[in-house]
Amino acid sequence: MPIPLYGFLEGDTLGLLVLAEEAQTILELARKLQDAANIRVARNDDVELLYNGKTIDPGLTVAQAGLQALDRFDVIWRHSI
Amino acid sequence: MLNRDEWLSLARKLDWDYTYVREDEVFPQVISGHPWLPHAEWKDWEESFKTSYREYVDNQYEKDMAVYAVRDAVGRLENIQKLAAPWLNSLKVHAAALPLAEFTGVIGSLRGARFGRDSAWRTMSTFGALDEYRHTQIPLLLFHQLVRLDSQFDWAHKFYHTNNWFAIAARHFFDELTLGQNAIEFAIGTNFVLETGFTNLQFVGLASLARESSDHIFERMITSIQTDEARHAQIGHPVLEVLMKHDPEYVQYLLDKWFWRSWRTFSILTGVSIDYLTALDQRPYSFKEFMEEWIIDQYLRTLNEFGLKKPWYWNIFENELDIYHHMIYASAYTYRATLWFDFVIPSPAERKWLRQKYPKYWDHMDAVWEQVIERWRTTGPGAANEFAVHGTAMPTFCDLCQLPLSGGTPRKNTANVLARDERKYIFCSEPCRWIFLREPERYANHKDLVKRVLSGEAPAELPNLLTEYFRLTPETWGKDVYHGAYDWLEAKKASVA
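Protein chains in written order, with the numbering used here: chain L, 1 to 81; chain A, 1001 to 1497.
Careful, some of the hints might be misleading.
Covered by chain A, according to a simulated footprint, are these stretches of chain L (three or more residues, beta-carbon under 8 Å) [to be verified]:
#1 14-20
#2 25-31
#3 46-56
#4 60-67
As a list, the in silico DMTMM-like pairs of lysine to aspartate or glutamate whose alpha-carbon atoms are at most 20 Å apart [what the hints assert, rightly or not]:
#5 A/Lys1360 - A/Glu1374
#6 A/Lys1424 - L/Asp46
#7 A/Lys1479 - A/Asp1421
#8 L/Lys32 - L/Glu22
#9 A/Lys1082 - A/Glu1212
#10 A/Lys1451 - L/Glu28
#11 A/Lys1447 - A/Glu1468
#12 A/Lys1245 - A/Glu1468
#13 A/Lys1412 - L/Glu22
#14 A/Lys1357 - A/Glu1386
#15 A/Lys1424 - A/Glu1441
#16 A/Lys1479 - A/Asp1363
#17 A/Lys1352 - A/Asp1366
#18 L/Lys54 - L/Glu28
#19 A/Lys1357 - A/Glu1370
#20 L/Lys32 - A/Glu1461
#21 A/Lys1013 - A/Asp1064
#22 A/Lys1043 - A/Glu1055
#23 A/Lys1451 - L/Asp46
#24 A/Lys1412 - L/Glu21
#25 A/Lys1043 - L/Glu21
#26 A/Lys1043 - A/Asp1072
#27 A/Lys1158 - A/Glu1468
#28 A/Lys1309 - A/Asp1297
#29 A/Lys1412 - L/Asp46
#30 A/Lys1309 - A/Glu1370
#31 A/Lys1447 - L/Glu22
Which stretches of chain A does chain L cover? Using the computed rule of at least three CB atoms under 8 Å from a CB of chain L, they are [unchecked claim]:
#32 1107-1116
#33 1319-1332
#34 1371-1379
#35 1403-1410
Derived by calculation from the structure, the hints in this document are not laboratory data. Predicted model, so just to flag it, every value in this text is computed and none were measured. Just so you know, even glycine gets a beta-carbon here, dropped at the ideal spot from N, CA and C.
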């Protein structure tokens, strides 16, 4: 069952709805948001995913990271941290 | 026969004491508004500009004739066709969002005409309702003839009868402000905040741009409307004076709430028209400059006059002056097929101008436009490539204002999630969250577009969402005015090659 999440990519002008899978990794989730926003924001490979203000290990799955439906996550450029 | 000054005062102030019913039954608080006060507290209510019905009708007739004379002289289709394409799209924004919203103003004004607490207030509200009819009918009449030129103008009638995302947001705003409002909050929210402040943006600001754009019929129409707004807006001041004696904290809340809600709606309606859809050499000022001169100075002076404070979110608001409508416009450009008007990419000269006018955050916005331009450069221009330069992921919306989550800056979006009663809500900004939490029972059950899609109420696939839910068609959905074929974009492509 996909988990609907509010994704905010640094550099973008609005938030996007991202449907995540529980088994998907955090890195894959970050890439998914980047792809969705690519019309407005150029791809940057050096990014991190923030959830509840903390950087999440990119190797964790969405379920392991504890992301739940309609939560917010951010994908930010690493130098912004 | 009595002359005017001998009878007007008596006709305006025709109140009486009730013997068969109680005053609070004639004017129930639920519809007259809070605080409920006996009429003795309202008896000194005075409007500053007094008029009789006969004077009103004579004056309105002359104003109508003046508008129609301009229409007959320069309002023919061939005159309209000479206007710049981006400006015509500014007209489509206004045509859809305002005339039927003015009709909801009829309902709100009639509530004042029945439940206003003094007869002079009720008389002024009756004139206000007649004004709002006029503000509905004249634009509908003038824009209707343009449907032959461009079917997107049909959205003047259609917009509020759709579930287009911007229509959902506009209805959420106007339904609360006008249709479902008690007489006191209508007087504060509409007459005081909206009509003494934000309609200046739309009517004075756009009249000036219309003149610069040689659009004389639109200029005359909205100037004529603004003269009405300036009169019935006066209802707000004497209502505010009475309220300040009894519940100043409530007054502060109403002003802060409606200033923010009005800002959200009109920063888009007017900001986009001024800074993007008017030709560069026809912009006498930026949206921010106009806000500072026409809204902020005047509003702060008025607050000071009544002993009120700036809204608590003033710093947030001032920051948004530099960025909010830019974020909305860039977002909307990349979802232009979800709207009923066409868009343009700001040219290099326009981006230079925008950088001068909005130095604080323009670097962030410029990077977004570079990326959009790069996409057109890759795909090449042409109508067939419109969807290759278009977003595909579902945008997200605020649970209060129903507008895209475009608060803050591209570097730091201010959206915030609230968990309440086993549901999650998201807000674009702290003020939207604050408004929601002051009256959650009013707002909690309204579903934003994302939640309608997730619940299956609205289609998830973009083509179905556009046609079935937003009621757009391939002919009417928004496009790039030039389908990406900009002289400067071609030139850059050639130089790259």
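Comparing the hints with the structure gives:
1. 14-20: holds (count 5)
2. 25-31: violated (count 0)
3. 46-56: violated (count 0)
4. 60-67: violated (count 0)
5. A/Lys1360 - A/Glu1374: Violated: lysine 1360 of chain A and glutamate 1374 of chain A sit about 24 Å apart, past 20 Å.
6. A/Lys1424 - L/Asp46: Status violated; Cα separation ~31 Å.
7. A/Lys1479 - A/Asp1421: The given pair, whose Cα atoms are some 41 Å apart, is violated under the 20 Å limit.
8. L/Lys32 - L/Glu22: Status holds; Cα separation ~14 Å.
9. A/Lys1082 - A/Glu1212: Holds: lysine 1082 of chain A and glutamate 1212 of chain A sit about 14 Å apart, inside 20 Å.
10. A/Lys1451 - L/Glu28: 24 Å, violated
11. A/Lys1447 - A/Glu1468: 18 Å, holds
12. A/Lys1245 - A/Glu1468: Given that 20 Å is the threshold and the Cα spacing comes to 51 Å, the pair is violated.
13. A/Lys1412 - L/Glu22: Distance ~27 Å between lysine 1412 of chain A and glutamate 22 of chain L Cα, so the pair is violated.
14. A/Lys1357 - A/Glu1386: Answer violated: lysine 1357 of chain A to glutamate 1386 of chain A is near 30 Å, above 20 Å.
15. A/Lys1424 - A/Glu1441: 15 Å, holds
16. A/Lys1479 - A/Asp1363: 25 Å, violated
17. A/Lys1352 - A/Asp1366: 10 Å, holds
18. L/Lys54 - L/Glu28: Holds, at roughly 18 Å.
19. A/Lys1357 - A/Glu1370: 19 Å, holds
20. L/Lys32 - A/Glu1461: 18 Å, holds
21. A/Lys1013 - A/Asp1064: Violated, at about 29 Å.
22. A/Lys1043 - A/Glu1055: Distance ~24 Å between lysine 1043 of chain A and glutamate 1055 of chain A Cα, so the pair is violated.
23. A/Lys1451 - L/Asp46: Roughly 32 Å between the alpha carbons, so the hint for lysine 1451 of chain A and aspartate 46 of chain L is violated.
24. A/Lys1412 - L/Glu21: 26 Å, violated
25. A/Lys1043 - L/Glu21: Status violated; Cα separation ~65 Å.
26. A/Lys1043 - A/Asp1072: Judged against 20 Å, a Cα distance of about 46 Å means the pair is violated.
27. A/Lys1158 - A/Glu1468: 14 Å, holds
28. A/Lys1309 - A/Asp1297: The given pair, whose Cα atoms are some 14 Å apart, holds under the 20 Å limit.
29. A/Lys1412 - L/Asp46: Satisfied, since the Cα-Cα distance of roughly 17 Å is no more than 20 Å.
30. A/Lys1309 - A/Glu1370: 41 Å, violated
31. A/Lys1447 - L/Glu22: 26 Å, violated
32. 1107-1116: Coverage by chain L is violated for the stretch 1107-1116 of chain A (0 residues, Cβ < 8 Å).
33. 1319-1332: Coverage by chain L holds here, the residue count being 5 at a Cβ distance below 8 Å.
34. 1371-1379: holds (count 4)
35. 1403-1410: holds (count 4)
The structure does not agree with the numbered hints 2, 3, 4, 5, 6, 7, 10, 12, 13, 14, 16, 21, 22, 23, 24, 25, 26, 30, 31 and 32 stated previously, though it agrees with the rest.
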